[in-house]
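**Q** Please put together the full structure from these sequences, using the hints given.
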Amino acid sequence: MNSSVIVFPGSNCDRDIAVALKKMQFKNQMIWHKETKLPKSDLIVIPGGFSYGDYLRSGAIAGKSNIINEVIKAANNGCLVLGICNGFQILTETGLLKGVLLRNENLKFINKDVNVKVMNNETRFTKKYKKNQILKINIAHNEGNYFTSQNHLKELHDKNLISFKYCNDKGNIDEESNPNGSLENIAGIFNAKKNILGMMPHPERMIDSLISNSDGINLFSSLLN
Amino acid sequence: MNISSKIIEQHGLKPDEFVSIKKLLKREPNLLELGIFSAMWNEHCSYKSSRKHLKNLPTKGKQVIQGPGENAGVIDIGDDDAIIFKIESHNHPSYIEPYQGAATGVGGILRDVFTMGARPIALLNSIHFGEPKHFKTKSLLNGVVSGIGGYGNCIGIPTVAGETKFNKTYNENILVNAMAVGHAKKDRIFYSKAKGINKSVVYVGSKTGRDGIHGASMASAEFDENTEEKKPTVQVGDPFTEKLLMEACLELMKDNSIISIQDMGAAGLTSSSVEMASKGGLGIELNLEKVPCREENMTPYEMMLSESQERMLIILEDGKEKHAKEIFNKWDLDFNIIGKTTNTNMLTLKFNNKIEGEIPIEALASKAPIYDRKWVKKKITKKNINLKTYKKVGIKESLIKILSSANHSDKSWITNQYDQMVMCDTVQKSGADAAIIRIHGKDKAIAVSVDSSANYCKSHPLTGGKQIVCENWRNLISVGARPIAITNCLNFGNPENSEIMGEFAECLIGIKEACEFLNYPVVSGNVSFYNGTNKKNISPTPVIGGVGLISNFKKKISHLLKKENSAILLVGKTFGHLGQSVFLEEVYSINEGKPPEVNMLNEKNNGETVLEIIKNDLVNSVHDVSNGGLLVSLAEMSINSGYGIKINKPKKLTNLIEYFFGEDQGRYVLEIDNDNLEKVDKILKNNNIFYENIGFTQKEFFEIKDEMKINIIELSKINNQWYNNF
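Keeping their order, the protein sequence lines are chains W and P.
Under our numbering, read the first sequence as residues 1 to 225, first letter to last.
Under our numbering, read the second sequence as residues 1 to 726, first letter to last.
Just so you know, these hints were derived from the structure itself, not from any lab.
You may find that some hints are simply not true.
[Unchecked claim] Footprint (simulated), chain P over chain W, 3 or more residues, beta carbon under 8 Å: (1) 8 to 15; (2) 103 to 110; (3) 209 to 219.
[Claimed, not checked] Some residues of chain W that are not near chain P, with every Cβ distance over 10 Å (derived): (4) 39; (5) 42; (6) 69; (7) 75; (8) 138; (9) 142; (10) 157; (11) 184.
[What the hints assert, rightly or not] Straight-line distance between alpha carbons at most 27 Å, and here's what the computed DSS-like set of lysine-lysine pairs gives: (12) P/330 - W/34; (13) P/429 - W/136; (14) W/23 - W/127; (15) W/34 - P/322; (16) P/411 - W/108; (17) W/37 - P/325; (18) P/429 - W/22; (19) W/22 - P/14; (20) P/392 - P/709; (21) P/383 - P/168; (22) P/185 - W/22.
Since the structure is predicted, the reported quantities are computational estimates derived from the model, not experimental observations.
Quick reminder that beta carbons are idealized off the backbone N, C-alpha and C, glycines included.
**A** See below:
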């Protein structure tokens, strides 16, 4: 399976995702933001980091970059697109995903391992997980507080477009287990066609139990076939 | 222009130093030249008060590739891998503007490491604030932590370890020390020494602005009531540009284009160009109109003294200019050839073809003043601690008081603001004795820790200096690493005061003795004097950053208890030394007595034996016994793992407070499976090491038999309350 990782100036999880994709046997290429053509890809990944420094709104400038037009074209043609952390923020800036990522409720950067629940396991991204499976995944962000309109929220529910929600270790989705103030504890969402996933937690950090755990592996193996 | 005595004073130069300048130049300097002397001759850049003492430190060793004198120290960790690391202070700027001060501290130390060809793999910090109730403490803490995180998180290098301390000695002069650790291939290390004449001198990175002018001079003076006015001397950090600069430099370093490279740190363009020329025994000519400027009408004086961040100076091999320019253009960075190397041994500064200043390089470097400042020895206090003279306290209430104090509380509030996982090689995060970072793609890992103990150093600098090296060494041992080398950040008061100079000289003797005995050389470091306000100096605070090697990271060990019913051993002898202890400080709010004695022989023997036990897979967890004594170490093991402990009272009649809170050195707590006890006993006895079997692990309760019992969840709440109430 061919994958492309988009590298913006300021991306800093690009190597981590490349390592994960390689470990999972993807044929991966790194694509510099100034490129105007994408190689043929089955999966496009927009990695975490601080694209263009994120001095404006997170992801705002990346959402207007050269390469992003190609990503939008590919996504509209059904290519799988995964945006992690800053990648999720960028996807909301392009409009490929609806909603916004506001500053964390406590106004601080948060890095820790959190529990998330698999809300929909019938997608190309999550089919190797069990429904309601609880994963422990690392988050690291300033702006992960997901918010969207009532109409869109209804659509997310009606079409089962919420991929992950923050929960506690028993799987309860409550206020205490919400690290950043996200609406309904949302940690990740799909677009209506479910070929695009944006998520704040970093699955590429969870592929080696000697370093962390292997809860991220099934996301990549789901994509493989 | 005539140089008045007021101008000289404003440049932080003493009248006799001005006389020396005139002698060296054989004329009066102009204002630009005076500014350059001021930048190079201040304490921060010239080490004029410390150099005499620093040269006594052991800096060589089998694994040392590069000791002090370069941008950072370099050690050999086997195969073709080298580790490059250094610690540096950013105290004064962080007090004036905590966010930017701390952020640029991180940026500066990162440049020191990637300038030498290393990809940074870990950041550490040691931060000291005034007492918790001081009105500035919380806002400074908040700003510094956000600044450290803001820079490290954005550039994408994990912040993996550190220490945070509170003490009234820092009420008006906080300490912010940042350490960076990088990895390079042994044969791809870059130095600052210039070679060859007529080589292009290239400026890369951010544009030059008017920020940070005279920053290094500011850092070389005490604070006074006008400190707030110094805000413009603090630089503004741009981690995004630094990320680009780092990637561009590392890309250019893949081939042989670079002759020498130096970051523009303190004293910016001045110190970088002088350093390169002086090391190479050459001259350097700069055409200042070619310097990329952020602001209009900048004068040569401003350009030479600006401390704008994220800039580098590179000397390129002939014909590599185009290739280098392409790389920096790709990363959208400025690239300009601003001068060339010469054989004149002069720093020649031209602006639109007119010579604006000309100074012999050696006048700025080797001929800079060196002072043999007067210093006096500290007398060790005769006062012994007699508990009977204080109000009686219980063990449990004392433990609770310590664990709920700002100094000993759980620091997750801080560490959760740092990305500790980016790069995916963090094997062990902060909260342990040392952090562990895997060498990317390999089984080996390095362990890193930073430590300080100002109370000990204040009471008796020589013992304190020795102790802090030992504690750092012990922390690396406790995670199963073989300690290799250290970097040090020496934070002291005004060196013109003979008592302060004495603290410095004696701390260094202590550091030297310990480093020599442990074969633990100093490979890099930084001196920060003039920490104080209006003649009130801080306690001497040398900070030690150590690096050790773990050959297989799968064999790492931590202080987290692993199971119930394993035995708890205390290695090393307990005398119950309470002088300068955490117990006295937190329970009675006093700092009295002398620091605990450091017995180097026991320290080394105990440490090496514990390492042997770890290497033989005979131990479940290890924790060193340091500040707070045995009971605090045990409580940390319990709280962080969730397993309880039941401790027996010592058999011999001993004062329990002394036994549980005494801070005797060279001790470790080991959790051992009962099946392994015999083997461990044999190793300890073979090495003539004193140890006690003091109890065992259990479920949910932290307990001393017939004395106290407390649920771990409750203990953990106590340990978290200070930051939760922040």
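**Q** Work down the list of hints and note, for each, if the structure agrees.
**A** Against the structure, the hints come out as follows:
As drawn, the stretch 8 to 15 of chain W meets chain P at 5 residues by the rule of a beta-carbon pair under 8 Å; at three or more, the given contact holds. Under the rule that three or more residues need a Cβ within less than 8 Å of chain P, the assignment of the stretch 103 to 110 of chain W holds, with 3 such residues. Residues of the stretch 209 to 219 of chain W with a Cβ under 8 Å from some Cβ of chain P number 3, which satisfies the need for three, so the listed coverage holds. Every CB of chain P lies more than 10 Å from the CB of residue 39 of chain W, the least distance being 19 Å, so the non-interface label holds.
Even its closest Cβ contact with chain P, about 24 Å, leaves residue 42 of chain W beyond 10 Å, as expected for a residue assigned away from the interface. Even its closest Cβ contact with chain P, about 19 Å, leaves residue 69 of chain W beyond 10 Å, as expected for a residue assigned away from the interface. The claim that residue 75 of chain W is not at the interface with chain P holds, since no C-beta of that chain comes within 10 Å of its own (minimum 26 Å). Some Cβ of chain P comes within 10 Å of the Cβ of residue 138 of chain W; the nearest lies about 5 Å off, and the non-interface call is violated.
Here residue 142 of chain W does not stay apart from chain P, with its beta-carbon only about 8 Å from theirs, under the 10 Å limit. The Cβ of residue 157 of chain W lies farther than 10 Å from every Cβ of chain P, with a closest approach of about 31 Å, so its non-interface assignment holds. With a cut of 10 Å on Cβ distances, residue 184 of chain W stays outside the contact zone with chain P, its closest approach being about 23 Å. With a CA separation close to 9 Å, the supplied pair residue 330 of chain P and residue 34 of chain W stays within the 27 Å bound.
In summary, the hint linking residue 429 of chain P to residue 136 of chain W is supported, as the alpha carbons are separated by about 16 Å, within the 27 Å threshold. Among the hinted pairs, residue 23 of chain W with residue 127 of chain W is consistent with the structure: their alpha-carbon atoms are about 19 Å apart, no more than 27 Å. Distance restraint check for residue 34 of chain W and residue 322 of chain P: the Cα-Cα separation of roughly 20 Å lies within the 27 Å cut-off, and the hinted pair is therefore satisfied. Of the supplied pair hints, the one linking residue 411 of chain P and residue 108 of chain W holds, its CA atoms being roughly 15 Å apart against a limit of 27 Å.
As the CA atoms of residue 37 of chain W and residue 325 of chain P are separated by approximately 25 Å, the hinted pair is consistent with the 27 Å bound. Restraint check for residue 429 of chain P and residue 22 of chain W: satisfied, since their Cα atoms lie roughly 25 Å apart, inside the 27 Å limit. Using a Cα cut-off of 27 Å, the hinted pair residue 22 of chain W and residue 14 of chain P is violated, with the two alpha carbons roughly 62 Å apart. A threshold of 27 Å between alpha carbons decides the hint, and for residue 392 of chain P with residue 709 of chain P the separation of about 19 Å falls inside it, so the pair holds.
Taking the CA atoms of residue 383 of chain P and residue 168 of chain P, the gap is about 22 Å. The hint holds against a cut of 27 Å. Our distance criterion of 27 Å between C-alpha atoms is met by residue 185 of chain P and residue 22 of chain W, whose separation comes to about 23 Å.
The structure shown violates the earlier hints numbered 8, 9 and 19.
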